[in-house]
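Following the hints, complete the assembly by docking chain B onto the known chain A.
In order, the protein sequences belong to chains A and B. One point on numbering: in the numbering used here, the residue at position 28 of the first sequence is 28, and numbering is uninterrupted. One point on numbering: in the numbering used here, the residue at position 153 of the second sequence is 253, and numbering is uninterrupted.
Don't read these hints as lab results, they were simulated from the structure. Virtual Cβ for every residue (Gly too), placed ideally from N, Cα, C. Heads up, some of the hints might be wrong.
[Unchecked claim] Just some of the chain A residues that point at chain B, by a computed CB distance under 7 Å: (1) Gly7; (2) Val13; (3) Asp25; (4) Ala28; (5) Ser64; (6) Pro65; (7) Leu68; (8) Ile69; (9) Phe84.
[What the hints assert, rightly or not] Quick list of simulated restraints, FRET-style, between CB atoms: (10) A:Thr56 - B:Gln167: 47 to 57 Å; (11) B:Arg146 - A:Glu79: 17 to 27 Å; (12) B:Gln167 - A:Arg20: 50 to 60 Å; (13) B:Arg146 - A:Leu77: 24 to 34 Å; (14) B:Ala197 - A:Ala59: 22 to 32 Å.
Each chain is listed here by its residues.
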Amino acid sequence: MIVRLMGEGQFLVDDACLVRLDKLDDSAMEALDRDDEGELDACLDEMWSLVRERGTQLADADLSPSDLIIPPSDLTLEETRALFSEQGLIPDLPTETEPG
Amino acid sequence: MAGLMGRATTVMKAKFSKLLDKSEDPNETLDYSYEQQLVLLQNVKRGVADVVTSKKRLQLQTSQFEQSLVKLETQAREALSAGREDLARAALERKTAVQSQLRGLDEQVQGLEAQQQKLITSERQLSAKIEAFRSEKEVIKAQYSAAEAQVRIGEAATGIGEQMADTGLAIERVRNKTEDMQARAGAMDELIASGTLEDFTSDKTQLDRELEQLSSQSQVDSELARLKGELGAGPERKELEQ
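With the rest of the complex left out, here is chain A (with noise of 0.2 Å):
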């Protein structure tokens, strides 16, 4: 499986892993429920260390997708949110080219 750590890159990752990660996403999913932000932070920290110390990081120019994207630690709970919501945090594409 391809794990993207947002802000940092894609990495490769093995099922034992995976499982790990998953159990660590369902708390970081309640922690936000719950507003709880230094639980959900510690949860994404332990996820990045795991996937930076098991993963293999994919080469820059890989095109591949990822299966999985794990979101920064430093945003606020608003922003974590923001991220999943419609309008979403993150930016829409650049549709025109802009002169210069």
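Below, chain B alone, put in the same frame as chain A:
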């Protein structure tokens, strides 16, 4: 996957699938996507330049504040040796204020430094992926029928679309951060201009003026003493001359 990772993945993919629906001609989709990638690459380069500019501004302010610390320490010493503890206290109070400003600036510079590194990483990854996409695009155009091409485009475009969404977010965050910082610096300028805050870094502060007065006063005193000494030798002469 209903957790955070799954949601993030869905949102990122949705962002890019919007673009893919734009054209039925695969070649057009490819070229349009490539153009967008280049625009985004320009944006991220501009983002890096903006961060560097903001960082330089903060570093300049930092060095002004550091000079100001040295100066205030010297002034406090001068004031004390002139027996003006009130002035020395004022100088030290100002020094404390400047020190806390400095700590804030340091944190901001470090924050910008981290953002800059992230943007540079993002730029490097985007740039490599754009190059790979460009080759892939030509292969697709040359070798596949329209129907096959749609599938291949889907694969290549999703991969780079994800990177574009990621880079886009990085640019947005840096933009918010630098705008926030500039607004704060602007507000500080206004406070200084309105006299609410004294400009620690201007050449003449109230403290400077008082210390100057003090030193000119002591110079006057010593001149006076010298003259008195000279005159004390022959006051009668003065009377004679009149």
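The hints, checked one at a time:
This hint holds: Gly7 (chain A) has a C-beta 5 Å from the nearest C-beta of chain B, less than the 7 Å allowed. Restraint check, Val13 (chain A) versus chain B: the minimum CB separation of about 12 Å is more than 7 Å; hint violated. With a least beta-carbon distance of about 3 Å to chain B, the hint placing Asp25 (chain A) at the interface is held under the 7 Å criterion. At about 5 Å, the closest approach between the beta carbon of Ala28 (chain A) and any beta carbon in chain B falls short of 7 Å, and the interface hint on this residue holds.
Proximity of Ser64 (chain A) to chain B holds as hinted, the smallest CB-CB distance being about 5 Å (cut-off 7 Å). Annotation: interface hint on Pro65 (chain A) holds; nearest CB of chain B at approximately 4 Å, less than 7 Å. Checking Leu68 (chain A) against chain B by beta carbon gives a least distance of about 4 Å; that is within 7 Å, so the hint holds. Proximity of Ile69 (chain A) to chain B holds as hinted, the smallest CB-CB distance being about 4 Å (cut-off 7 Å).
For Phe84 (chain A), the shortest C-beta to C-beta distance to chain B is roughly 5 Å, which falls under 7 Å, so the interface hint holds. Judged by the Cβ atoms, the range 47 to 57 Å given for Thr56 (chain A) and Gln167 (chain B) holds: they are separated by roughly 50 Å. Our hint of 17 to 27 Å for Arg146 (chain B) and Glu79 (chain A) holds, since their Cβ atoms are close to 23 Å apart. A hinted range of 50 to 60 Å holds for the C-beta pair Gln167 (chain B) and Arg20 (chain A), which are about 53 Å apart.
In this structure, Arg146 (chain B) and Leu77 (chain A) meet the distance hint of 24 to 34 Å, their C-beta atoms being roughly 30 Å apart. About 51 Å separates the C-beta atoms of Ala197 (chain B) and Ala59 (chain A), a value inconsistent with the hinted range of 22 to 32 Å.
Going through the hint list in order, the structure does not satisfy hints 2 and 14.
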